[in-house]
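Q: Sequence:
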Amino acid sequence: MNSFRNVLRRVKIVKFFSALYRFKLLQFIIPAAVIAFIYWEGRNEFRRIDWVGTLHTLHHMKPITVLLLFVFSLLSVASISLYDFILRHHFKLPISFWDTFRYSWIANTSNSVIGFSGIAGAALRTFLYRKRKISMQTITASIAFLSTITITGLSVLSWAAILGILPIQAVIKTHSWTLYAVWATALYLPGYVFLQRTSFYTKWLHRNQTRMNTATIASSIGASLLEWALAGISFWLIGSCLLPGLPLTQALGIYTVSAITGLLSMAPGGIGGFDLTALLGLQQLGYPADKTAAVLVLFRLLYYIFPWIIGLVLAVYDFAMDRDKENERSYEGIESALTKWQKIWHFPNQFGLVSELGAWSLGKLIFACGFVLLFSAATPGLLNRLQFTEELLSAPLMKLSHQLSVIIGLMLIVLSWGISRRVKRAYKLTLVLLCAGALFTFAKAFDFEEAIFLLIVALLLWISRNRFFRIAAPFSKENAALWGLVTLLAAYIYDVIASDIHPALLKHLPQNALGSWILNPSQHAAAAIAGLIIAWLMISLILILRPNRLSNKGASESERNKLRSFLEYERGNLLTHMLFAGDKSFFWASNDQVLIPYAIIRSKFVVLGDPIGKESLISEAIQECQRYADLYNLSVVFYQVSPHYLPIYHENGYRFFKLGEEALVPIEGFTLSGKQNGNLRSVHNRFIREGFRFEVLQPPHESHIIEKLREISLKWLKGKKEKGFSLGWFEESYLQLSAIAILVNPEEEIIAFASLAPSYDNGKTLSVDLMRHYHDTPNGTMDHLFVCLLKWAKEQGYLSFSLGMAPLSSVGQAQAAIREEKLAHIVFKHGGYWYGFEGLRKYKEKFSPVWEPRYLAYSSSVSLPILLLELVRLIARRPKKGID
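Residue numbers (the numbering used here): 169 to 1052.
I should point out that these hints are in silico values taken from the structure, not numbers from a laboratory. Being a predicted model, the structure only gives us computed values, none of them experimental. Only true hints are included.
In the SDA-like style, the derived pairs of lysine to any residue whose C-alpha atoms are separated by at most 20 Å in a straight line are:
1. Lys-959 <-> Tyr-1011
2. Lys-891 <-> Ser-719
3. Lys-730 <-> Leu-905
4. Lys-730 <-> Lys-782
5. Lys-883 <-> His-872
6. Lys-1010 <-> Val-936
7. Lys-932 <-> Glu-1020
8. Lys-932 <-> Gly-965
9. Lys-959 <-> Gly-837
10. Lys-889 <-> Ile-874
11. Lys-959 <-> Val-1018
12. Lys-876 <-> Val-912
13. Lys-596 <-> Ile-624
14. Lys-962 <-> Pro-926
15. Lys-1014 <-> Met-950
16. Lys-889 <-> Glu-875
17. Lys-721 <-> Ser-753
Modelling step: build the complete structure from the supplied sequences, incorporating the hints.
A: Next up, the structure:
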């Protein structure tokens, strides 16, 4: 019965992880599919739009009109902060009026652009509130309340649409299914009012905080209604400027249905669903496609993009002025809430780096500056400004300024990557380019608005100059491909706008048009120049953002000699001997009193085992190592650490994943007598009777012995490549450093061997390193070799002998274990096809070892599944052929 229950439990766990994986996958697939479906459904509408005409309309609007629309849009966005003031009053939060407003603006505008169902806003609020020492229980309760209240205002507008106060026929007749969506949204309000009075809401959503009173509920619903109503009025005001005679009620009706479809699309900011619905609704009223598109573009800019940029500026200001170092462990759990959309956009908490928000915001501002320069260069300047500029500057100088603006715009787009990662050289170059970009955009057509924006960002960058300290940051091939694609796309968009060609028309070009486009660059000079610029950008990215990057250079002979001297007065551990292989680099901390061996894999600084040195200096050494790795934007992780130092790792912000257990045989108590060891005794006696000989060879080893061992090793590998890092491999120079145990058959032929690794702990512990044998050796060959080794170690005075790790042994067995360890337990029990996890444990059990756990120590900023895959790659990476 118990066996059946265990099987049933495993099946449930497998189903749980399978469902979890599918859910996370759906977070990305569903919005992508919805956006693709919306585009497919609305492709005819999009093709009808004259986008160049739309841009022309926007560019020639009166500045005073745009300014007034912008001011009202900012007021509309500011109304969202009422939620935070209500929460501040209800929970008596110790936050000033200005901080409350600023935090609300940062969270809400970021959530509007990159968020999904309020998740980005929740993550930012959590971090910002924690800066003010507010408890997680209060924060969780406030965010839970916000997540349920924000839709109530849209629900009120839905009732107004159903009752005929807001006309929605223009949208309903195009897509009848939207009527069901309106009804579902309308029913949310009574459902919410009922839910918030239940004990379920109080216990699970409100975290047993003080129940919301009627006044708080009513004011929250009123704030939600005000938010949605002002957003709709902003939509109407923008529309009335470009679409004469647009009624307010019609605009609010179209906005309500569009907002609902935007929510259903589950895309960031409702992009796609909102836009197509509003486009169709406005066109049903008889307005032209290019004018309605202009309304949507301007609404996106004034209500979403520009307020978000202001939010980025506020975030940069907040973090530039704040010098307090926050504890990142306070934000555990936020990462799991982020959707794939925020992770694609490199939201700060993608790797748990919520404290990087200021640099992240600056990076996005620099990214925006690049597009501002490209857009400014692609669109024609105002006629009166051009005439004024021509009187001051020559035409060639204006043309040069125009071309340099394009180059600087593309450079800023690429450099935004380095700014987000706080690379010092990226900061210096970006500051110069921002000032130059402001000068050139001013010189080309007197575009002082763009110049002022660039100078403001440059000022914020300069204020934050002390935050840029990193020497370099990891930049993979995937990053290069992504940024190459982004730059190419930006250059293409610029060329399309500047040359007045719509992308949809390309497939309708004459037969020889493509050849003409390539051979006659005068027609499309921008595209030709863009190709050269992209090549230059990629080169500059490598040279500027990755100087002196940290790499796996390994330990030199002088460093290994230093290690030998160091071990004369400091204790090593079971992994110390592998440091002489030369593939691990050495970081000396605490004035060379602590050694931390490491290797680099992607963005990880992987330390092998525990630091070596005085225990009183270990914590300080770890912090010094973290600061050193942070100069290169690397995360420090510790692989195969012992339980002894776990409190120190915990104090330095690490969490743990159990890798398995190491088999340590107490040599004094080892014996072949007794019923339990009958099989080992029988095998050992049989090999002795048959004339097999055991011998331990001391270095230096003769060349013919090494060649014989090499032959055994090659046949044992069967063409597979050696592993490295935490495992030994066959290399003559490495094997010459330690004793080698061999097993010789009666014909005086070596059939098996094992290299030995001292632990440098005053002769107390010995471990086996490399183990190889012929595949056709008699059964029990390795059993006999180990028995002989244990007897020999006892004669030499050793107290303990390590048989090595049993990976994933005793991992994830407890009901409260983390999900990754539970998954590891399933792999341990059922992964015998790929690796004999359970069989290896049972084999080592024959020698009656004491099992000591080994852990992976990693910070909360690291994604554990990705880290485990990277460690597999690191161990499987082909080791160096030799040591110097």
